[in-house]
Amino acid sequence: MMKSLFLSFLLGSILFMNNFSEVQGRKWKGEGTTQNLESISIGRCYDYIRVVNPAVGEKNCSELWEAFINAFINKDPCNILPQDFELFFKLSLHPIPADKSLFWENNQLLVNSFSDRARRYMTLGDTLFGFFGDFLNWCGKENSTGLDYESCPTAAECENNAVDAFWRMASMTYAQHSSGVVHVLLNGSAEGGAYPVRGFFADYEIPYLQRDKISQIVIWVVDDIEGPNIDSCGYNTVQILEDRLKALGYDVTCTDNYEPVMFLLCLDNPDHSKCTLSSSAPAAAQRGPISSDRGGSWNRLMFVSFVGFLFRSALVH
Amino acid sequence: MPSQRGSARRRQRCVLLTGIAILLIALVLAAALASVLTGRKEEASPEPLKWQGGGTTRNLREIVLGRCYSYLVEGRVKLGDKDCLKIWESLKAAFIHKNPCNATTKDYQPLMELASHPVPCNKSLFWSRTYDLVHLYSRSNHHFLTLEDTFLGYMLDGLSWCGDPSAPGINYESCPKWSECEGSSGSVFWKMASKMFAEAACGVVHVMLNGSIETGAFRSSSVFGSVEVFNLNPDKISEIRIWLMRDIGGPQSDSCSGNSIKKLRNILEERNFKITCEDNYRPVQLLQCVHNPGHPDCSLCTNSTEAP
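Going down the list, the protein sequences come from chains H and S. Numbering follows my numbering, in which position 18 of the first sequence is assigned residue number 22; successive positions increment by one, without gaps. Numbering follows my numbering, in which position 34 of the second sequence is assigned residue number 159; successive positions increment by one, without gaps.
Isolated chain H (complex conformation) (with noise of 0.2 Å):
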């Protein structure tokens, strides 16, 4: 009777217990939804017509923000599929200018200051729809039109979650819409390869170029400063990638550490020897294209021979 006892009480606490934390709400191993996602998101969609970028008119933001969570509210939250949001990039397209396309893996921090906010060029991330779900999470809750603020799922409970689903749908209709001289930053110093065979790079965005808009595709390969150097054009990843593009018909052209984002790296070690500029002179006394280590020791030079001569004289005198 003990057993039994016993037993059945096991059996209630685990009852109980699965109870308790579905009434906690914490159902995944993810963050919830961001704090306040209506406010922030109908907030930045505005923002960008009105201040970022007004060039793309007038958008109905409140429609906007009603496109995109009815794309994922009230379904399974491990199943939600990029055309799910079909409407939602429909509404918020705008074109990209061409040329102006760059694409990037493993780098999003350097990119965004690279492409400093759609003026130099326009990342996904400066595109309207890009701007409106950066860094932000959400998902919702089967049976509810509620968002789950409390945990949502990550990549590895379900492939096809909103958040991936989002910016699958995101990176295609980009891809879709680039053209002209299209880029792409990859960072040489990335673990696996500057090329992730499969990613969204891979996956959701070559396959969506349009060839007849493409007239180029310029790959950059630049390492950390201080990181170690994994890849290059012509290898390993990147020979992968470049083969592919022109199997697909494409003209491809690679450059090694691309200068102008070497800089961007340069800001946190500008006294790395990979960040001396051959201009560095101390401005006061500019002495034209001659660097301060090379002026040094030929000022050194011609003090010790001056002093020399000075000593000579006086011996002799």
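Worth flagging that the hints you see were computed from the coordinates, not collected in a lab. One or more hints might be untrue.
[What the hints assert, rightly or not] Here are the simulated DSS-like pairs of lysine-lysine, each with C-alpha atoms no more than 27 Å apart in a straight line:
| # | chain 1 | residue 1 | chain 2 | residue 2 |
| --- | --- | --- | --- | --- |
| 1 | H | Lys79 | H | Lys94 |
| 2 | S | Lys207 | S | Lys231 |
| 3 | S | Lys217 | S | Lys361 |
| 4 | S | Lys203 | H | Lys33 |
| 5 | S | Lys217 | H | Lys63 |
| 6 | S | Lys217 | S | Lys316 |
All of these numbers come straight from a predicted model, not from anything done at the bench.
Since the structure of chain H is provided, determine the placement of chain S on it from the hints.
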């Protein structure tokens, strides 16, 4: 009898004509009355005042709220709980229905109190006439904070707002430029925010000035020169470091040894500050080179093309 029928017809015609005449007069009177009434209605809601600058940013409320919540989630300074709706209401109350040339610090005091926060030492980055470069730098190097990286500055950077005495109380057509009136909403707000930012600064502070301006890198009439310089606290600040940046390929108008910097030095040294100045501070110059890659001043010494 023909004359009797004739006179009856004449009477009928008279009545008809009179009726038509009355109807016409009534119509004319009605039209006149209508135009008078609508004219009066137009007088009751006058046009907003006309200014030379751009009007209030449309959807100002949504933008400010969105930025407020955004900063709380991913802003550069970690803040506790802030009531974004209350902050918006406080901003709105500061300018709505008011003449935008009569703004006072009292209008913005509640907003300042709701949105201000301390700034960590050694991080304050002031600037004058280097808007693009300084913000590019603070976005790339998160060690530094400009006013526009603080909560208040972030919410309102790049936005325009002003009130109007007539309904609805916000002027979306135009707003006064700072030069149009002393007490313009924009200038009162930003000068107040700048004063607070300067007062909050501690440790080593930096300022980025523009050495390609003909009239000099430092001007007493700028917000930096007229407000921030005088609200830095010598008891909290150990050093002021000036970065004098000249445009790549641009005019080399000023330098650390120039007159405007001498003037700035005098003002600051009189208040017991320790000042250093550096021409073309390297990291910021590197950033300038990102956008001027082909320029001779911007070629890197070593170009490594080693294979992995």
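Hints versus structure:
no.: 1; hint: H/Lys79 to H/Lys94; result: holds (21 Å)
no.: 2; hint: S/Lys207 to S/Lys231; result: holds (21 Å)
no.: 3; hint: S/Lys217 to S/Lys361; result: violated (34 Å)
no.: 4; hint: S/Lys203 to H/Lys33; result: holds (24 Å)
no.: 5; hint: S/Lys217 to H/Lys63; result: holds (24 Å)
no.: 6; hint: S/Lys217 to S/Lys316; result: holds (18 Å)
The structure fails to meet hint 3 from the earlier list, while all remaining hints are met.
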